[in-house]
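Peer 1: Here are the chains, one letter per residue:
There are 2 protein chains.
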Amino acid sequence: MALLVQKFGGTSVGSFERIEVVADKLARAYRAGEQLVVVLSAMAGETNRLLGLAKSVAADPDPRELDLLVSTGEQVAISLMAMALQKRGIPARALLGDQAGVLTDSRHGRARITSVEPEPLRTLLAQGVVPVVAGFQGRCPANGVTTLGRGGSDTTAVAIAAALKADECQIFTDVDGVYTTDPRIEPRARKMDTISFEEMLELSSLGAKVLQIRSVEYAGRYNVPLRVLSSFQEGSGTLITYEDSLMDAPQVSGIAFTRDEASLTLVGVPDEANVAAQILTPIEEGGIDVDMIVHTNTGDGKADFTFTVSRTDCNQACRLLQPVLAQFGIDNLKINQDLCKVSVVGVGMKNHTGVASRMFQTLGREGISVQLIATSEIKISVAMEQKYLELAVRSLHKTFDLAADE
Amino acid sequence: MALLVQKFGGTSVGSFERIEVVADKLARAYRAGEQLVVVLSAMAGETNRLLGLAKSVAADPDPRELDLLVSTGEQVAISLMAMALQKRGIPARALLGDQAGVLTDSRHGRARITSVEPEPLRTLLAQGVVPVVAGFQGRCPANGVTTLGRGGSDTTAVAIAAALKADECQIFTDVDGVYTTDPRIEPRARKMDTISFEEMLELSSLGAKVLQIRSVEYAGRYNVPLRVLSSFQEGSGTLITYEDSLMDAPQVSGIAFTRDEASLTLVGVPDEANVAAQILTPIEEGGIDVDMIVHTNTGDGKADFTFTVSRTDCNQACRLLQPVLAQFGIDNLKINQDLCKVSVVGVGMKNHTGVASRMFQTLGREGISVQLIATSEIKISVAMEQKYLELAVRSLHKTFDLAADE
Numbered sequence: 001m002a003l004l005v006q007k008f009g010g011t012s013v014g015s016f017e018r019i020e021v022v023a024d025k026l027a028r029a030y031r032a033g034e035q036l037v038v039v040l041s042a043m044a045g046e047t048n049r050l051l052g053l054a055k056s057v058a059a060d061p062d063p064r065e066l067d068l069l070v071s072t073g074e075q076v077a078i079s080l081m082a083m084a085l086q087k088r089g090i091p092a093r094a095l096l097g098d099q100a101g102v103l104t105d106s107r108h109g110r111a112r113i114t115s116v117e118p119e120p121l122r123t124l125l126a127q128g129v130v131p132v133v134a135g136f137q138g139r140c141p142a143n144g145v146t147t148l149g150r151g152g153s154d155t156t157a158v159a160i161a162a163a164l165k166a167d168e169c170q171i172f173t174d175v176d177g178v179y180t181t182d183p184r185i186e187p188r189a190r191k192m193d194t195i196s197f198e199e200m201l202e203l204s205s206l207g208a209k210v211l212q213i214r215s216v217e218y219a220g221r222y223n224v225p226l227r228v229l230s231s232f233q234e235g236s237g238t239l240i241t242y243e244d245s246l247m248d249a250p251q252v253s254g255i256a257f258t259r260d261e262a263s264l265t266l267v268g269v270p271d272e273a274n275v276a277a278q279i280l281t282p283i284e285e286g287g288i289d290v291d292m293i294v295h296t297n298t299g300d301g302k303a304d305f306t307f308t309v310s311r312t313d314c315n316q317a318c319r320l321l322q323p324v325l326a327q328f329g330i331d332n333l334k335i336n337q338d339l340c341k342v343s344v345v346g347v348g349m350k351n352h353t354g355v356a357s358r359m360f361q362t363l364g365r366e367g368i369s370v371q372l373i374a375t376s377e378i379k380i381s382v383a384m385e386q387k388y389l390e391l392a393v394r395s396l397h398k399t400f401d402l403a404a405d406e
Numbered sequence: 001m002a003l004l005v006q007k008f009g010g011t012s013v014g015s016f017e018r019i020e021v022v023a024d025k026l027a028r029a030y031r032a033g034e035q036l037v038v039v040l041s042a043m044a045g046e047t048n049r050l051l052g053l054a055k056s057v058a059a060d061p062d063p064r065e066l067d068l069l070v071s072t073g074e075q076v077a078i079s080l081m082a083m084a085l086q087k088r089g090i091p092a093r094a095l096l097g098d099q100a101g102v103l104t105d106s107r108h109g110r111a112r113i114t115s116v117e118p119e120p121l122r123t124l125l126a127q128g129v130v131p132v133v134a135g136f137q138g139r140c141p142a143n144g145v146t147t148l149g150r151g152g153s154d155t156t157a158v159a160i161a162a163a164l165k166a167d168e169c170q171i172f173t174d175v176d177g178v179y180t181t182d183p184r185i186e187p188r189a190r191k192m193d194t195i196s197f198e199e200m201l202e203l204s205s206l207g208a209k210v211l212q213i214r215s216v217e218y219a220g221r222y223n224v225p226l227r228v229l230s231s232f233q234e235g236s237g238t239l240i241t242y243e244d245s246l247m248d249a250p251q252v253s254g255i256a257f258t259r260d261e262a263s264l265t266l267v268g269v270p271d272e273a274n275v276a277a278q279i280l281t282p283i284e285e286g287g288i289d290v291d292m293i294v295h296t297n298t299g300d301g302k303a304d305f306t307f308t309v310s311r312t313d314c315n316q317a318c319r320l321l322q323p324v325l326a327q328f329g330i331d332n333l334k335i336n337q338d339l340c341k342v343s344v345v346g347v348g349m350k351n352h353t354g355v356a357s358r359m360f361q362t363l364g365r366e367g368i369s370v371q372l373i374a375t376s377e378i379k380i381s382v383a384m385e386q387k388y389l390e391l392a393v394r395s396l397h398k399t400f401d402l403a404a405d406e
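Top line first, the protein sequences correspond to chains A and B. Sequential numbering from 1 applies to the first sequence in UniProt numbering. Sequential numbering from 1 applies to the second sequence in UniProt numbering.
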């Protein structure tokens with residue numbers, strides 16, 4: 001008898017029909033003797049509906065009230081799922097985040113889980129009850145309802161699995177596993193049976209939307225066995241592993257990408273040690289994630305400083321930069337709002353060389369000019385004009401021999 | 001500076017426009033120096049929408065899960081109202097029942113408030129913040145979200161007013177006060193400036209829908225000054241008073257009625273002391289409210305036993321009676337599903353006589369036959385065929401001289 005934490009996303013509970021399908025699936029697993037903890041997102045579309053209500057009332061609502069509002073989405077989903085299970089004779093209990101012991105810090109709208117008290121769930125499990133837990137939410141020390149930010153339900157599931165020392169945390173979604181790249185762009189993309197934790201972490205942070213990155217980080221911290229599966233078809237999905245078997249690891253495991261990036265270049269900043277901090281601190285304090293960073297000494301005691309942000313954050317980043325520009329006496333801020341980022345990822349890079357040169361040869365052969373480069377031990381990311389995205393993904397997929405067997 | 005608890009019902013927050021109207025009203029009161037605690041119901045229609053969702057999933061959902069589901073209605077309303085106040089520069093804070101200190105027993109779907117911890121609200125008030133509290137809900141000792149049953153938001157407001165020793169609890173609704181009877185039936189009905197607590201209690205229990213009876217009971221227990229006003233027009237509404245000034249009290253203050261009553265008559269039950277208990281216990285344990293009760297000795301050691309219930313409960317009451325019928329060997333159960341009840345109410349009855357005879361003279365003159373009679377110190381209720389309802393109300397309104405001055 002295994003203890004499984006099973007998380008279902010918004011499309012998996014997006015209609016009454018789908019709730020019934022998932023309830024059937026859960027009932028079969030329960031009757032087969034599994035111990036289950038279910039974690040749910042809001043029904044698809046519901047979070048956006050609630051955000052729309054808020055927008056109708058206030059352009060810039062307080063994050064505290066916004067959390068209270070949008071957290072109702074999961075509350076509805078768990079209530080309905082518990083009812084659907086009870087109808088099948090399965091003892092089930094719907095639990096809000098805090099009722100399930102999920103405590104967070106106080107950063108409304110993007111709270112982090114600080115602890116999961118396992119007692120409430122352990123008590124229910126010992127009674128043979130299936131807890132159905134609202135993902136995405138918790139309570140903070142000041143007793144306010146918090147949300148974890150988009151995709152936070154994955155993190156809830158992983159945190160609960162860690163607290164309960166579950167045998168596996170299973171993320172049910174609308175794809176049947178993790179692919180070498182997005183099959184909508186490269187139809188020959190291959191589903192991986194396993195992927196290393198480090199690779200999954202890079203893929204998540206680089207835009208593969210299968211798992212939310214914070215949930216992967218959380219899983220890594222507690223070595224939670226994590227599996228991605230389809231809600232709608234049978235199969236073993238993709239298991240995230242923690243063993244480091246570098247010997248037979250391929251150089252490159254997958255290709256990730258993000259669209260809608262923007263770069264900002266400050267031309268002629270003083271070439272001093274703390275200039276990066278002076279530029280980036282106001283951006284990050286403004287809640288904007290900075291991605292790639294390049295600092296180029298231009299030889300006259302000056303430097304060019306480039307960084308990328310999500311395109312939706314670009315205007316706000318410009319505003320936040322104004323005091324810095326004034327301080328440095330810079331009037332030349334170059335902006336490129338038409339970028340994407342393509343990344344190759346693989347733990348095999350650690351003890352193989354030549355990945356970078358093969359990557360740049362491929363891009364050069366296709367006539368794709370590289371705007372920015374960022375590397376880590378197990379990935380190489382390249383920013384390029386958005387129009388090249390599909391071409392780059394497909395040609396790199398071929399170069400690194402990632403296609404499924406014909 | 002008065003401390004006012006102001007409760008707004010579902011129609012008062014039933015649309016974005018109305019939320020804005022109420023927010024304007026609250027902002028004016030706040031700027032005029034009042035200390036405010038706001039209590040809200042769900043937006044009109046929302047509770048029914050949520051019940052519909054539950055019904056789509058399960059015919060007979062667990063009351064615990066149902067509470068978790070329907071309590072989201074108030075959660076949405078308070079979030080939006082707090083945002084609307086913040087937009088106007090008023091510091092406001094949305095609070096769930098338990099965050100506002102509202103604790104209940106564990107009877108899901110019809111919980112009773114066991115206590116209101118005043119500290120969370122006092123702390124906010126001391127900071128000049130307007131708490132916006134979800135009515136209708138609380139948490140029970142087992143940490144489950146509970147609801148108080150329909151109309152429970154009034155009770156939340158009164159309980160909070162009692163805990164804070166507020167200067168007044170103001171129930172804003174879609175009528176501008178308490179009337180001598182329903183103006184839709186008798187256009188000359190008169191709004192009362194004040195009404196005694198006892199009369200209000202009888203009127204509420206007899207079907208005048210202005211205030212939920214439990215909230216009136218609660219107000220009486222703690223002598224909470226309670227006022228009914230309109231959300232949509234100016235005016236001082238009706239104040240519920242606790243002074244007993246019987247001297248100048250009219251014999252009859254108002255006329256209440258309920259539609260859709262049903263009577264059940266068991267013919268030929270043994271005329272024994274505990275027969276009423278044997279008949280009514282299974283009905284009340286089944287959660288059905290029994291209203292009028294008549295026990296008629298038929299002279300041969302037998303009796304006829306009649307009681308009334310809401311028509312919607314009639315079939316269920318019949319089912320619950322089957323074991324009792326079998327036990328008594330009775331096969332004659334008479335059912336009348338076409339009844340209404342009309343009641344005259346007045347504290348003046350306590351020291352005046354003749355109300356009953358004037359009432360029955362009036363009904364007799366109009367040719368209305370009386371099915372059942374029930375009396376208390378300050379009211380006389382009569383069950384009659386439903387078709388006589390309007391005629392009875394209007395003729396009694398005239399007999400007791402309740403009309404507004406022309």
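Rather than coming from a laboratory, the hints here were simulated on the basis of the structure. Mixed in with the good hints there might be a few duds.
Stated by the list, open to error - Below, simulated DSS-like cross-link-like pairs (lysine-lysine); rule was C-alpha separation at most 27 Å, straight line: (1) B:Lys-209 / B:Lys-87; (2) A:Lys-87 / A:Lys-25; (3) B:Lys-209 / A:Lys-55; (4) A:Lys-25 / B:Lys-25; (5) B:Lys-25 / A:Lys-55; (6) B:Lys-350 / A:Lys-87; (7) B:Lys-209 / B:Lys-191; (8) A:Lys-387 / A:Lys-209; (9) B:Lys-209 / B:Lys-165; (10) A:Lys-302 / A:Lys-350; (11) B:Lys-398 / B:Lys-350; (12) B:Lys-398 / B:Lys-387.
Owing to the predicted nature of the structure, the values given are computational and were not obtained by experimental measurement.
Peer 1: Enumerate the violated hints, using their earlier numbering and listing them in ascending order.
Peer 2: 1, 3, 4, 6 and 10
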